[in-house]
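Q: Take these sequences, add in the hints, and give me the full structure.
Protein chains: 2
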Amino acid sequence: MRRLAPALAASILLAAGAALAGPSSDALPADATSGAAALQREELSNGRAFSIVQSLVDEVGPRLAGSRADRAAVAWALRTMPTLGLSDVHAERAQVTHWERGAEHAEIVAPMKQPLVVAALGGSVGTPPGGLDAPVVEAASLDALRKLDPAAVRGKIVFLNTPMRRTRDGSGYGETVRSRFFGAREAQKLGAVALLLRSVGTDHDRIAHTGAKSRDEHEIPAAALSVPDADLLHRELEENTTVRVRLALGARTLPPAGSANVIGEVPGRERPDEVVVIGAHLDSWDQGGGAIDDGAGVGIALETGRLIAALPRKPRRTVRVVLFANEEHGLEGAKTYARDHAADAARHVAATEADFGGDAVYAVRWLGDPAQRERFVQLARLLAPLGVERQDDPAGAGADVSPLQQLGVPILDLRQDGTRYFDYHHTPNDTLDKIDPPTLAQAAAAFATAVWAAADMDGDFGRVPDDQRKRTHH
Amino acid sequence: MRRLAPALAASILLAAGAALAGPSSDALPADATSGAAALQREELSNGRAFSIVQSLVDEVGPRLAGSRADRAAVAWALRTMPTLGLSDVHAERAQVTHWERGAEHAEIVAPMKQPLVVAALGGSVGTPPGGLDAPVVEAASLDALRKLDPAAVRGKIVFLNTPMRRTRDGSGYGETVRSRFFGAREAQKLGAVALLLRSVGTDHDRIAHTGAKSRDEHEIPAAALSVPDADLLHRELEENTTVRVRLALGARTLPPAGSANVIGEVPGRERPDEVVVIGAHLDSWDQGGGAIDDGAGVGIALETGRLIAALPRKPRRTVRVVLFANEEHGLEGAKTYARDHAADAARHVAATEADFGGDAVYAVRWLGDPAQRERFVQLARLLAPLGVERQDDPAGAGADVSPLQQLGVPILDLRQDGTRYFDYHHTPNDTLDKIDPPTLAQAAAAFATAVWAAADMDGDFGRVPDDQRKRTHH
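Residue numbers (the working numbering), protein chains in the order written: chain H, 31 to 504; chain V, 31 to 504.
If you're looking for bench data, these hints aren't it; they were derived computationally from the structure. Some hints here could point you the wrong way.
One-sided excerpt, in silico: chain V residues whose CB lies under 8 angstroms from chain H [stated by the list, open to error]:
#, residue
1, E89
2, M142
3, P145
4, H234
5, R236
6, I237
7, D261
8, L262
9, R265
10, E269
11, P458
12, T461
13, D463
Given the structure is predicted, the values throughout are model-derived calculations rather than measurements. Every residue gets a Cβ at the ideal spot worked out from N, C-alpha and C, and that includes glycine.
A: Here it is, written out as structure tokens:
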């Protein structure tokens, strides 16, 4: 957790106070600074974000969309929200993709035997029963793959070996995840029989990172290799003219299943029909406990609701916590919410999403009507005591709020430190011990401050200009 | 890798030089310091220890005693040793325990479903076909387990949840490994149907650490849980009155199999029938590549042989590299060597073993005739430029040379930094990327220096006194 030095924090508070007393003082209520400080103090001293995550992880565990545990997660959210002081708690049905992993196995079979740790990519088809066995051809990137001679690929397993950069802002993921999403499609076009992908992750653990892939008409089985296994396969291909791999995936897609977005609110004291949405997703991948992805976000979102519900004076507008269905490989929850609430889009004054793990918020960005920028500048000042800096680049909307952005809803983008996130993301290693409770409390305090301020301010952020409604990846 | 500051290193070299010029100068040859410096320079600049490990890991991979890959490892050693300049390369047959893991599966089944990552302990029996399903009772240590009321244990799965301390010297392992070795025996005495052990490891990865357990007449299935799974099970037992686990282990022991110690030498120039042994073990557990355990030791031992074989003037005595069979769960290679060479024990002037990973040597200890201590003090000075300190506590012999210690053979104990070792030890995560090549070169330089000096000195270390021949764990 990053903290500001006390002297620096004090000077920022003074500066914020000066600004609030100056000509722009109407952008936020006069008591915004003291109100934000109280919220932050409460969360950093008595926060419950971690215990909320623990409850979800321990009582439900992995909760892949469409599974029995996904329904258990919906039930968990419906019974938990009222205990946190949220009102009008209800589920809004969504049909979700239902895929299951089944058994999976891979090994190098020639020129020697070596076991490989793999995980099918989400949505992958299975192999024929008994698996397939083929020579391997390696490509370092999607572009390199596209340039291969189809004669060198036909009948083979393509091994797409794109390493990922470790970055604070997750930009390394954005660069590399294209290989996961489009690799099988490109390999199939060239006649490959399967795809093996170097895991999109920054760790060196013998654990493979799953994740969504594109859905295509002619599909080939696709699986991620752990990073050490990708390194091994690369070395074997350097040392041997032919390397054969056997791959058996039991993955299959079932008919769509019922799931739901779960919603709870803190009704606004003056304009209850205007809402600020804070979202996270309830589903997780199947192999880990879904602690950082997205139990942490669920904890942040619910804790934001709990903190604001406990205030003696509620904000002017309604705060709506939305726990979305199937963010991971279908986004049906987000699409359903945007479709069902399209008529209310104009009354959504802002949306934010927590889906980047449990580490600290280090920056805040915004997207809205540029004429209303001063409101954002003042809101950002409320976050400075938490060590959060204002960045003037446009916000990236998370996947679940991007359909709202497309409807013009302003976005608050609280950027969490992603340095460690992709060590565990989409793996069995996504477990509760990867979250540091005081650090999660900092993140919850930041989200709660921003949501509270957006809900309580007199004016609003306007609408996102038409030319900025296309999703920019977080 | 720890390095001495250059000024400090220089002062140590001067001190060593002064000592060699003084009254004790007959303990080591006059050119020992320059000879050691040359060996170290060669290893740190042009060392091949890492490439030897890579060759073993990539060409053979996991090599559980008795398996087909174990035989491939013997063949690898027989073909590799001559290329490194070793002479009289040969295999000495040993019968080894032959166990196999089979499929394994565990999950919490009540009050909710949660998957658990497990690994059968080496030598465990399997469960009945289809697995077993029983309530769980937790104990924090072997002592706490022994104190449980048999009525509270009968028919249950004992969960032995002993955390391991992270230490440089591996002492945390010594404290905790008793739970792995004796846990199933103690649980069975109280009527338990199975043992689940918190992995003996310092990581928080979703990966279970296997390892040997005692072999008993009445056995129950025994498996390690990954640390995050142990933490989860502990929390579930705190929150729920009854927690049931289903455990299915396909493990079984097969008839003993043929394996071998593989031996190669650098013949001594004056007293070829006197030998200094450097050992490591060729076998590994089945789930990882056996890079740190004990590919690194194999690399260090073979590199020691290669460096010394390449010297223009060979040491007075023979240097013997012994790659032992089945150190992991039987120690038959070490026992066979000690039995077959018992008549020659008096001509073994020292033994050392590399079986603690690929990290740096930070200290050296010794065991021999106390009257010969000055030889050890001078030998230790040769290691100071590598940042290795002399410790005057008695040496701990590694498992493979402990039978030689029992025969009175002096022990050189080059202590490697074990801080990270138990993050990966006995897991699928024991892969090549866990070794840092320059750090491994430091370790190889230290072992090579000590072995060379012991082989070249005029006098010897005498014999280990009778009362110190009992094994002290490394």
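Q: Please go over all the hints and tell whether each is borne out by the structure.
A: Tested hints:
A cut of 8 angstroms between beta carbons decides the hint on V:E89: the least distance to chain H is about 6 angstroms, and the hint holds. Checking V:M142 against chain H: minimum C-beta separation of about 6 angstroms stays under 8 angstroms; hint holds. Residue-level restraint check for V:P145 holds (minimum Cβ-Cβ distance to chain H is 7 angstroms; threshold 8 angstroms). Taken as an interface hint, V:H234 checks out: its beta carbon lies about 5 angstroms from the nearest beta carbon of chain H, inside 8 angstroms.
With a least beta-carbon distance of about 4 angstroms to chain H, the hint placing V:R236 at the interface is held under the 8 angstroms criterion. This hint holds: V:I237 has a C-beta 6 angstroms from the nearest C-beta of chain H, less than the 8 angstroms allowed. Because the smallest distance between the Cβ of V:D261 and any Cβ of chain H comes to about 6 angstroms, under 8 angstroms, the interface hint for this residue holds. With its C-beta approaching chain H no nearer than about 7 angstroms, V:L262 sits inside the 8 angstroms limit, and its interface hint holds.
At a threshold of 8 angstroms, the smallest CB-CB gap from V:R265 to chain H is about 5 angstroms, leaving the interface hint in force. Taking 8 angstroms as the C-beta contact cut-off toward chain H, the hint placing V:E269 at the interface holds, the least distance being around 7 angstroms. This hint holds: V:P458 has a C-beta 4 angstroms from the nearest C-beta of chain H, less than the 8 angstroms allowed. This hint holds: V:T461 has a C-beta 4 angstroms from the nearest C-beta of chain H, less than the 8 angstroms allowed.
Below 8 angstroms, beta-carbon pairs count as interface contacts, and V:D463 has one with chain H at about 5 angstroms; its hint therefore holds.
Checked against the numbered hints above, the structure breaks none of them.
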